[in-house]
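The two chains are supplied separately, each in an independent frame; assemble them into the complex guided by the hints.
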Amino acid sequence: GESVGLHLPTLSVQEGDNSIINCAYSNSASDYFIWYKQESGKGPQFIIDIRSNMDKRQGQRVTVLLNKTVKHLSLQIAATQPGDSAVYFCAEKGSRGGADGLTFGKGTHLIIQP
Amino acid sequence: NAGVMQNPRHLVRRRGQEARLRCSPMKGHSHVYWYRQLPEEGLKFMVYLQKENIIDESGMPKERFSAEFPKEGPSILRIQQVVRGDSAAYFCASSGQDYNEQFFGPGTRLTVL
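Taken in sequence, the protein lines are chains A and B.
In terms of this note's numbering, the first sequence has 30 at position 30, counting the first letter as 1, and numbering is strictly consecutive.
In terms of this note's numbering, the second sequence has 1055 at position 55, counting the first letter as 1, and numbering is strictly consecutive.
Bound conformation, chain B alone (with noise of 0.2 angstroms):
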């Protein structure tokens, strides 16, 4: 039983490219949440979504990020026009019915040059 899948693993770019990063929850769960973690710190929430719903963003910035979860595929963070400042590790985690126990994917980490 697969876990929680993310791929790439590494990403590289350069300012003003696009990052895509990709998450792929646990079989038969269906809330997907994103988080970033910078050197040093814990992790941060960025947003929540069920299939084809964005349930809370409030952690992820108004511009240049934006996420989906669609009906089939995997979810997938978009980051436009890259700054240094992005640059950190980005997070998935799904939960299923006990909606409470979050399984964490490996994460991507995002190096902007």
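So here's chain A without its partners, still in its complex pose (with noise of 0.2 angstroms):
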């Protein structure tokens, strides 16, 4: 089965609202943690990232919190706007024995309504 999961399909939120999308692996030996944007039709676009000796990062609108003792990560988007509407897929390395693919949840759609 999957290793990296998400909570839910489909979060629906107001512009402007903040967003948190969920995501939790079983892996405890994961060691590194992305969160990927993707749009239709285009491939998957790199938003953060966090390693397993960090609990948070922030950038640009964005913050990734990591929470390994629940084996939890989670996307938080602030101040949503029309752009944010796509898939996000978390992703992480280190459950496959050291090689360097990525395993990835199944997806988050967020849709920002106006």
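Keep in mind that the hints were calculated from the coordinates and are not lab data.
Every residue, glycine too, gets a C-beta built ideally from N, C-alpha and C.
It is possible that part of the hints are untrue.
Now the stretches of chain A that chain B is said to cover, found in silico as 3 or more residues with beta-carbon under 8 angstroms [as the list claims (entries may be wrong)]:
1) 44 to 55
2) 103 to 110
Heads up, simulated DSS-like pairs for lysine-lysine below, C-alpha to C-alpha not over 25 angstroms straight-line [to be verified]:
3) B:K1044 to A:K71
4) B:K1044 to A:K42
5) A:K68 to A:K106
Set out below in structure tokens:
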């Protein structure tokens, strides 16, 4: 089964509100986590990453939180804009015995309501 | 500075034909990864290559699929005798010295009739 998964397939928020997208992983050996954004018909676009020795990392309007105790990862997007509408994937590295391929979750479709 | 390039963007093949997907990594990147994405699904790792070497092909089907990354030229993902189940979007990613960060190309959408 999947080692990385999402709690919700679709999330709808009002423009300007904050959004939180959640992700659970099962392998405690995972040491690197990434959030990607994928718009329709395009490849995944890197948003932000975090290593297992950190519990929080901030970017521009985005924050990633890592809770290793419960193996939970979240992406917070502040003041959402129409351009934030996309599918968001969490991905992790380290659960495949050291190989460098990423393991992706199934994605959450974020819909920004005007 | 061009990103990861993939071609063709769309490819239509009939059952039994061969599909060749090409990927040019970002300038200076020597690590290439191929992923497959089915509709409404996340990406699935297939193979990881460095120049002239396959590092990890554990996600690639043993039959009909092969990949290469020659010393010169793009990486090639080759699917022989395609079947309808091969229809998917195939994405290539590359990374450089900081090999954790992978940058993705726009993908090739393969349709098998």
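Taking the hints in turn, this is what the structure says about them:
1. 44 to 55: holds (count 4)
2. 103 to 110: Satisfied; 5 residues make the cut.
3. B:K1044 to A:K71: holds (21 angstroms)
4. B:K1044 to A:K42: With Cα atoms ~16 angstroms apart, K1044 of chain B and K42 of chain A stay inside 25 angstroms; holds.
5. A:K68 to A:K106: holds (20 angstroms)
In the structure shown, no violation is registered for any of the earlier numbered hints.
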